[in-house]
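Undergrad: Build out the structure end to end from the sequences listed, making use of the hints.
Chains as they are written, first to last, in the working numbering: chain A, 1 to 286; chain B, 1 to 286; chain C, 1 to 286; chain D, 1 to 286.
Hints are computed from structural coordinates only; laboratory data are not their basis.
There could be a bad hint or two in this list.
[Stated by the list, open to error] Partial list, computed: chain B residues near chain D (C-beta under 8 Å):
hint, residue
1, E42
2, E236
3, K281
4, T282
We put the CB at the ideal spot given by N, CA and C, even for glycine.
4 protein chains.
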Amino acid sequence: MHQNLAVLLIKCPDRPGIVAAISSFLFAHGANITDLDQHSSEEAPGTYFMRLELQTGGLDLALQELRGAFDAAVARPFAMEWTLTRAADRKRVAILVSRHDHALLELLWEWRRGDLPCEVTQVISNHPDLAGAAEGMGVPFHHVENGRGTREAAEARMLELLGASTDLVVLARYMQIVSPGFVARFPHRIINVHHSFLPAFAGADPYRQAWARGVKIVGATAHYVTAELDAGPIIEQDVGRVSHRHAVEDLRRIGRDLERRVIARAVRWHCEDRVIVHGNKTVVFA
Amino acid sequence: MHQNLAVLLIKCPDRPGIVAAISSFLFAHGANITDLDQHSSEEAPGTYFMRLELQTGGLDLALQELRGAFDAAVARPFAMEWTLTRAADRKRVAILVSRHDHALLELLWEWRRGDLPCEVTQVISNHPDLAGAAEGMGVPFHHVENGRGTREAAEARMLELLGASTDLVVLARYMQIVSPGFVARFPHRIINVHHSFLPAFAGADPYRQAWARGVKIVGATAHYVTAELDAGPIIEQDVGRVSHRHAVEDLRRIGRDLERRVIARAVRWHCEDRVIVHGNKTVVFA
Amino acid sequence: MHQNLAVLLIKCPDRPGIVAAISSFLFAHGANITDLDQHSSEEAPGTYFMRLELQTGGLDLALQELRGAFDAAVARPFAMEWTLTRAADRKRVAILVSRHDHALLELLWEWRRGDLPCEVTQVISNHPDLAGAAEGMGVPFHHVENGRGTREAAEARMLELLGASTDLVVLARYMQIVSPGFVARFPHRIINVHHSFLPAFAGADPYRQAWARGVKIVGATAHYVTAELDAGPIIEQDVGRVSHRHAVEDLRRIGRDLERRVIARAVRWHCEDRVIVHGNKTVVFA
Amino acid sequence: MHQNLAVLLIKCPDRPGIVAAISSFLFAHGANITDLDQHSSEEAPGTYFMRLELQTGGLDLALQELRGAFDAAVARPFAMEWTLTRAADRKRVAILVSRHDHALLELLWEWRRGDLPCEVTQVISNHPDLAGAAEGMGVPFHHVENGRGTREAAEARMLELLGASTDLVVLARYMQIVSPGFVARFPHRIINVHHSFLPAFAGADPYRQAWARGVKIVGATAHYVTAELDAGPIIEQDVGRVSHRHAVEDLRRIGRDLERRVIARAVRWHCEDRVIVHGNKTVVFA
Chain A
1 MHQNLAVLLI KCPDRPGIVA AISSFLFAHG ANITDLDQHS SEEAPGTYFM
51 RLELQTGGLD LALQELRGAF DAAVARPFAM EWTLTRAADR KRVAILVSRH
101 DHALLELLWE WRRGDLPCEV TQVISNHPDL AGAAEGMGVP FHHVENGRGT
151 REAAEARMLE LLGASTDLVV LARYMQIVSP GFVARFPHRI INVHHSFLPA
201 FAGADPYRQA WARGVKIVGA TAHYVTAELD AGPIIEQDVG RVSHRHAVED
251 LRRIGRDLER RVIARAVRWH CEDRVIVHGN KTVVFA
Chain B
1 MHQNLAVLLI KCPDRPGIVA AISSFLFAHG ANITDLDQHS SEEAPGTYFM
51 RLELQTGGLD LALQELRGAF DAAVARPFAM EWTLTRAADR KRVAILVSRH
101 DHALLELLWE WRRGDLPCEV TQVISNHPDL AGAAEGMGVP FHHVENGRGT
151 REAAEARMLE LLGASTDLVV LARYMQIVSP GFVARFPHRI INVHHSFLPA
201 FAGADPYRQA WARGVKIVGA TAHYVTAELD AGPIIEQDVG RVSHRHAVED
251 LRRIGRDLER RVIARAVRWH CEDRVIVHGN KTVVFA
Chain C
1 MHQNLAVLLI KCPDRPGIVA AISSFLFAHG ANITDLDQHS SEEAPGTYFM
51 RLELQTGGLD LALQELRGAF DAAVARPFAM EWTLTRAADR KRVAILVSRH
101 DHALLELLWE WRRGDLPCEV TQVISNHPDL AGAAEGMGVP FHHVENGRGT
151 REAAEARMLE LLGASTDLVV LARYMQIVSP GFVARFPHRI INVHHSFLPA
201 FAGADPYRQA WARGVKIVGA TAHYVTAELD AGPIIEQDVG RVSHRHAVED
251 LRRIGRDLER RVIARAVRWH CEDRVIVHGN KTVVFA
Chain D
1 MHQNLAVLLI KCPDRPGIVA AISSFLFAHG ANITDLDQHS SEEAPGTYFM
51 RLELQTGGLD LALQELRGAF DAAVARPFAM EWTLTRAADR KRVAILVSRH
101 DHALLELLWE WRRGDLPCEV TQVISNHPDL AGAAEGMGVP FHHVENGRGT
151 REAAEARMLE LLGASTDLVV LARYMQIVSP GFVARFPHRI INVHHSFLPA
201 FAGADPYRQA WARGVKIVGA TAHYVTAELD AGPIIEQDVG RVSHRHAVED
251 LRRIGRDLER RVIARAVRWH CEDRVIVHGN KTVVFA
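TA: This is the structure we're talking about:
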């Protein structure tokens, strides 16, 4: 069944008749809807969001032709932004990392056991340390030095490595700032894990900030990267309880587990076409 | 908007075309779909479940006529079990309780502040202790003694009090067994809170059982009552962490909070037509 | 046993021999230690914190004499800040509230059933609305208008009502700012519940802030009030998961449950002498 | 500081004077107590449990001599069961595994990064599949076939491999029953991860059992292995929320994360001498 699975993601102005138009079109063309989730934002005028899984085995058209027909008959009349993606066309994911290996290893490990539906095409790092970890899993590793004076050259080199075929860039504890120009090349296609419960403790060394404030709960956040640091649309967050007994290093250890969980979930949801960005927020059909 | 809200709940054999048939019918009659959630069970042949919220303001038929038209045009061809309920027709809820007041007070308190969309019509207890708690909130209280020798008479009296208009019976720590005959009068319309993480620690004094086993997490369970004790379809569960420092009495205190939460959520979801029973399990569109 | 329970709370510069000095002193005077928890802060020079429960039934001195002996023999040599409190001398608690009743009701309800070891002596509000809720539980209610122009008079009246015998002031959603002068009268003896996961969303209308930021988890915080708004030592926090489906009003509903839990825990821990303030943080021996 | 850290674990009949005796003895010999946690069971006669961290840098005796002196002066008079362990003497841990790699990889990964204070000495499996995973981390791997007809020979071979120097055996999803004779060789020194929230769903295929029962929360349990299957003292449990949307395979995926967390915590706590077994329960000074 998974071989014939396709996912339709839609965002459009809310108005009556959307579900009827979509489902009637699909039914008429032999698509079987196996899952459907929707949401209407509460502000006025509202925005409508839908995620729909369908089986393509009984289609009367090739998928590309169906796209054309859908565009003409449904998407344009309703002014939809939309994608229709075959699940078998797995997204191509590149992972950027510095020295901390936990987020990288979690992704590679889940990917290898088939829990992460994507192709991990390469790992890029500003340090050589994790070459073995990547290559041991059969993933090409590229060392691209990066820093205050070399950012421009580094990003140029990385863009060359990423090329035109990379669908998603994951910053798995990549400790360098990425420039607005770099971000603009992958709009809502760069996911970062921030090691705090954003918007608390944005910026540097969040576990130390959290320890200094004496919070009783720490967190981690996976979000899309935008031009403004630590301020992009949040995809997932998770938290863990701490107490006065926990030193900064304990917070880091507890945080590593949280970071692993949120980045793995965020990447899975993105790769399964479950996330729609709306302004600075996300709709996640998880 | 809430004034014109109606909820359609559906369960039927899974097959292509269900969404198209329902949404096209509703659109044709002027109903605006504002929320839609669905699920297909994975066994073969599958079962289809749907919850749909619609606005009735633009309907071209009265709701009762729409029901008839829907039955003929959609429900019968697809062999659906279904209900279409106006949210403004709030369910009539009776609460049975013994001496522990926490579940009762939580329900009454949430109801009074408008968080529980129902009418609490009466409180029945086998002890007189909580008369003040109920009547203080303006809810009639009935003391009906119950026990080993008086069960038959007690249940007859309670059935008389409940009458034909009670939609839901909530056992908010009602410490008497209800007979299969009583249960049969309210199929999937009696909700009980069990003070453990079922199926662990079914039966009497679950907090003592949990303490004796040395578990590190305790729980509470809200479920529909069936003829078999503590084995009905689970609606909601929640858990809390405990350690060797917690005595049985501490487990009871922690458990009271869990019981309050799960019973309040389960009653709210039932009253908002979010729960469909399927075999011994529930589909909860929460 | 509870009748003879006393709690010793200690904070002093860390150095070898503290436990031996305390436990030998207590053993020599017939006190039986039934619980002991301690913590040493990691910074250098370190600070030592201890909470110790003891049974006074076998004491060879009256408690007041024991205090004097302890001061001379142990506390002064180790430069301790300390209290030794009989559990039976329950703290006298006043609750300040505006219109939201959930935090107040939770405290009153837990207090009435014996889960909150204190005396609730009065409820003060800047609105008359909750007089019935307080008086229905047998607690005196005082309406003291407060606002931009009347703060000085209001606080003078409240200080008069609180008098010299109030041990703890709880701001259970009291929506007025309290002046530094008022705070100074109750150092580390005013507990506030803030409706966010501090330090995120300090200030006004935090649930709307959280909704606008698109967080996936909301929280509530109980903290001691200091001169700086929303910045005092955190005692307890709790969180709940939200999604794009939750409107601001839903966040408020979920948040009410979190607020109830954190304020109840914080007040209980304070009343059981489990909290020691250290700088802007707390040590909580929970 | 860690180089000079030692941990004292004590269990004895409860009575006055224990803390004073221990702390005075240690102070007199130059040991600096840096952490102390204790617990008294509530049954009568009670049992006393203590975990104490001390710095050995200022000791006036070698550690082995201190043990002898402590035994004579304190342990025997109070009838203590006790251990005094140098943290630098890391426990030797062998991991038994079948085909599922997640628990094994989590342990190896945490161990390699220094989060698991032990020596992983070998991995033994009844399948050859995970040889690369172990040896890639530099850990010897032994394939010992095991099954209904070969249990006796398999266990003999494993006991030979484990030898006399193995401190802890971890069953990281080892899908073979271990005999009472094998268990008796490592009393309270075999930790198993069970893939359910015990005591619910003991026995085979717990995720399928959980799915069939329609629970809303699934769990995992780490416990010491005793002669009775799935009934030994529980060290740690954790849970995750599920719904009707989750198929058995989803429960397994969610469960893998829970299993990883509970086994890693249980092994860390055991290796840090934080766990004392009492009857069929544990005291965990975490």
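Undergrad: Under the criterion of a CB-CB separation shorter than 8 Å, is B/E236 in contact with chain D as hinted?
TA: holds, 6 Å
Undergrad: Classify the hint on B/K281 as holds or violated, based on whether any CB of chain D lies nearer than 8 Å to its CB.
TA: At 3 Å from the nearest chain D Cβ, B/K281 passes the 8 Å test, so the hint holds.
Undergrad: Please verify that hint: B/E42, Cβ, nearest Cβ of chain D, below 8 Å or not.
TA: holds, 5 Å
Undergrad: A closest beta-carbon separation below 8 Å is what the hint needs, so does B/T282 meet it against chain D?
TA: holds, 6 Å
When the structure is compared with the earlier hints, no violation turns up for any of them.
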